[in-house]
Amino acid sequence: MMEEHSQAPNASVALHHARDTERSLIGVVMLMSLMAGFSLSLGGNGKLVGLEVAYCFASSVPFALAHLLFAAGHFEGDEVLLPLVGAAVVMGYPTVYRLRPDLGLRQLGFIWLGTAIMVLFAVCQSRRKLEGLGFLALVGSIALLVLTLIVGEERGGARSWLFLGDMGFQPSEVAKIACILAGADGFSRLSTADPATKTRAPAREIWGCAEARRAILMWGAVVLLTVAQRDVGTAMVIYISCVAMAYVATGNRVMVLVSAGIGAGAVIVAGQVFPHIGVRFVSWLNPWADATGSGYQMAQSFYALASGGIFGRGYGCGSPWLIPAAVTDMLFSASGEEIGLAGALGLIAIYFLMVGHGYSCARRAGSSYWALGAVGAANIVAVQAFVIIGGNLGVLPLTGVTLPLASYGGTSMVTSLAIVGILLGSTRRRLAACGGGPS
Amino acid sequence: MNQRILRLLQAWIAGCAILVVAATYYQAITADELATSPENPRMANLERDVVRGSILDRNGNVICDSVGPGLSMRVYRGPDSLAPLVGYASPILGKSGLEAAYDVWLSGRRGPYDMTGVLSTLIDQPDYGCTVRLTIDVDIQKACESALRGRRGAAIVVDAATGELLAVASSPWYSMKGLELAWDSIVSRDDSPLVCRATCGMYPPGSTIKMAVAAIALDCGVTSPDEIYECEGFARAGGTVIHDPAGAHGRVDLRDALSVSCNTAFVELGIRLGPKLHDQLRRFFFDRSIPLDVPTPPGNLKVRDAGVSGDAIGQLAIGQGDLLVTPMHVAMMAAAVVNKGVMMRPHLVASVSAADGTPVMTTRAKALAAAITPSSADVVADGMIQAVKRGTARSAARWGYDIGGKTGTAQNPHGSPHAWFAGFGVDGSQRIAVAIVLENAGAGGSAAAPLGGDILKVALDSKTGTGR
Chain D
1 MMEEHSQAPN ASVALHHARD TERSLIGVVM LMSLMAGFSL SLGGNGKLVG LEVAYCFASS
61 VPFALAHLLF AAGHFEGDEV LLPLVGAAVV MGYPTVYRLR PDLGLRQLGF IWLGTAIMVL
121 FAVCQSRRKL EGLGFLALVG SIALLVLTLI VGEERGGARS WLFLGDMGFQ PSEVAKIACI
181 LAGADGFSRL STADPATKTR APAREIWGCA EARRAILMWG AVVLLTVAQR DVGTAMVIYI
241 SCVAMAYVAT GNRVMVLVSA GIGAGAVIVA GQVFPHIGVR FVSWLNPWAD ATGSGYQMAQ
301 SFYALASGGI FGRGYGCGSP WLIPAAVTDM LFSASGEEIG LAGALGLIAI YFLMVGHGYS
361 CARRAGSSYW ALGAVGAANI VAVQAFVIIG GNLGVLPLTG VTLPLASYGG TSMVTSLAIV
421 GILLGSTRRR LAACGGGPS
Chain S
1 MNQRILRLLQ AWIAGCAILV VAATYYQAIT ADELATSPEN PRMANLERDV VRGSILDRNG
61 NVICDSVGPG LSMRVYRGPD SLAPLVGYAS PILGKSGLEA AYDVWLSGRR GPYDMTGVLS
121 TLIDQPDYGC TVRLTIDVDI QKACESALRG RRGAAIVVDA ATGELLAVAS SPWYSMKGLE
181 LAWDSIVSRD DSPLVCRATC GMYPPGSTIK MAVAAIALDC GVTSPDEIYE CEGFARAGGT
241 VIHDPAGAHG RVDLRDALSV SCNTAFVELG IRLGPKLHDQ LRRFFFDRSI PLDVPTPPGN
301 LKVRDAGVSG DAIGQLAIGQ GDLLVTPMHV AMMAAAVVNK GVMMRPHLVA SVSAADGTPV
361 MTTRAKALAA AITPSSADVV ADGMIQAVKR GTARSAARWG YDIGGKTGTA QNPHGSPHAW
421 FAGFGVDGSQ RIAVAIVLEN AGAGGSAAAP LGGDILKVAL DSKTGTGR
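Chains as they are written, first to last, in our numbering: chain D, 1 to 439; chain S, 1 to 468.
Please keep in mind that the hints were generated in silico from the structure rather than gathered at the bench. Just so we're clear, the structure is a prediction, and the values are computed from it rather than from any experiment. Glycine included, each C-beta is placed from N, C-alpha and C at the ideal position. Treat the hints with care, as some may be off.
Unchecked claim - Per label pair, the in silico range of CB-to-CB distance: (1) S:S188 - D:L51: 53 to 61 Å; (2) D:A54 - S:G70: 29 to 37 Å; (3) S:G60 - D:A54: 49 to 57 Å.
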């Protein structure tokens, strides 16, 4: 399927070997999925081997296949990220299946489809095939967002769904990918984006660079359109991720401060304009004041987390369905009840390592385009995971975003996997490959 | 640029640290409280699936148990006079009394079953709540019950050496069978059968308070055991003249005064103590509630800084006036007298254990207060023994038993006086204290003392407690 086009003469032999680290770790992920399957089967119907084992195992298989493709195609990206991505998916899937067995097969389909797209993005990104496509993608996304505002449908308070027949998807999710690519395209032109440099770009220099200016303007358009759909959570994730990406590229601290001020002001204005956001704030400050009304979801989240305790009640033995939106927004608390603090800390650790390792890889990336691509992708995963886990834990006001790679949702799963695909593809270290490509 | 990526990495580490702290806080540190909160919808589900734990007496007799999972399977088997204390656990009415106070254990919300989700599913058996073993002795409880049958009142028996409550009887009682159906008529009854009179009924203590007044007078040094009082049959306190219904007692010492319940002598002691009397009665918890496994009301003694009238002191010294206490206050006062002045912390629950017998929690005897000095306690006890031998409490005497007691005839605005008997029985190291009150039943010596004697005889015969 894949061929190595650019055989650099000084390539180390180890890189062309069969990705041993990745293989071992993928083995661990598959073992995890089996254990989850056995536990789910035991808790659900008392039998050690049930259908659940097959389902859970099937959630890990695409990552094994992705590994085989990477190995066969001499993919030169990082070897630790793919198993971490697999671990997040494998940790999330049993809870989704256990809450909604009827959605188990769909979610499995999303995981398989998403993994295929992840491999595609990884390979294309590592060969710089995506470079220059960012603005096109962003224009397309903006067009879809505008279309959504006109003909979109409302689900869960946000008018962010576009339907093609029965198939629905959220353009705001897809826009995340475009924002990363466009940001990497636009900001890699700046001299301050050079990995080694410590210099900072003043605002005039940033604005003077046409590509960077275009990226900033189009990011703004995406954020505004997403807010207009009342999908404030996603808008926040994109906004913070993009500002962090621009900071890395430019080092302009004033820009960060101004952006933070604009963000805070926007949140306050949004609290006034959208009543449901104001309510979220009030119930964040004191969920127990109205535990049967506006604070209901948070109260149920706390009850679930507390009922899980340190070791959890075991898959199938808790009552996580008592939390509203358990399979999507509240997946962290829902799984926290059954896998306990031990499992919840494990889940946090997986995201911690995934994003942390992503940033480390960005520091070693072969070009500023890759470095920015990796940073942008890691930012999205980091901000979204923090916003929703923090929301589930009452650290932040609850926003309606999914736990990336774990929650139920087609667009969310595929987009998240595509984003980690960009991250994977951006971890290629050799400069020699930069200029390469298909001959 | 690499340096700035490092900044993001640092921010991410800080963010994850916040998440870890928050998760640990909610899942480990505050988890117990929220997990077992009755507001947690899991608890209602658990109640449906768990066989609620049994309540046993101290010898393992079943007072209350469940024949299957769920609250509707609750069956009350114990003595009826214990029902107001044990309370009910009903899917319609909710829970009361001990059923409410020990709900976390009985329901299995807390205990060794907490984390056996997977295992119990495997074994495919319903979970069981914990068993609560009371300090109550069903035989003594039944003795109290037959003493109270057909009357309104309360009897409470306590092991003075340990604070274990051996019987807590309240009359009238209600039938646990069909409680939900009869609820409206039970609630509308004038004689309040739902109230556990022994722990929550409020009565003027009458002359039973004299044991406390005598002890306080001795401890404060305003009298000595050998002082002789001249009883002329009345005493003046402020503007009120307080009479001795039996007439002049003549020359009496403190023991005699207790024995014959001489109002004159105690009004004199009250006047000597002055405002100190209010202050010192707090040692007997008359101004607050005695801590117990179930909520109990405080006594209504009000400590005034100054300006206590002589009238009020005179009334207080003979247990009249506006002071109201529970029968448990009176029983604990008698218990302190017979336990060398030390009031033990009363308790109702001996232990909590898992359904398979694994102990979960055991109550240990603890002193609550040193209410009286040991020497004063001996003098008061002597006076009370004399009262049973040849004083007002003669009808409590039982041949071959060492019994002391103090009667009371408490005037009240609801009709005839309440009849009181507070006493103790000693057998070797066994020290049992009892208090019995019969509402509007007349004189304590004739109405309450014989019943008190009967109860003490059964309690001493049962060899329950430390004498065993």
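Results for each hint:
1. Checked against the given bound of 53 to 61 Å, the beta carbons of S188 (chain S) and L51 (chain D), roughly 58 Å apart, stay inside it.
2. Against the hinted window of 29 to 37 Å, the Cβ-Cβ separation of A54 (chain D) and G70 (chain S) comes to about 36 Å, which satisfies the hint.
3. Separation of G60 (chain S) from A54 (chain D) is about 51 Å and conforms to the stated range, judged on CB atoms against 49 to 57 Å.
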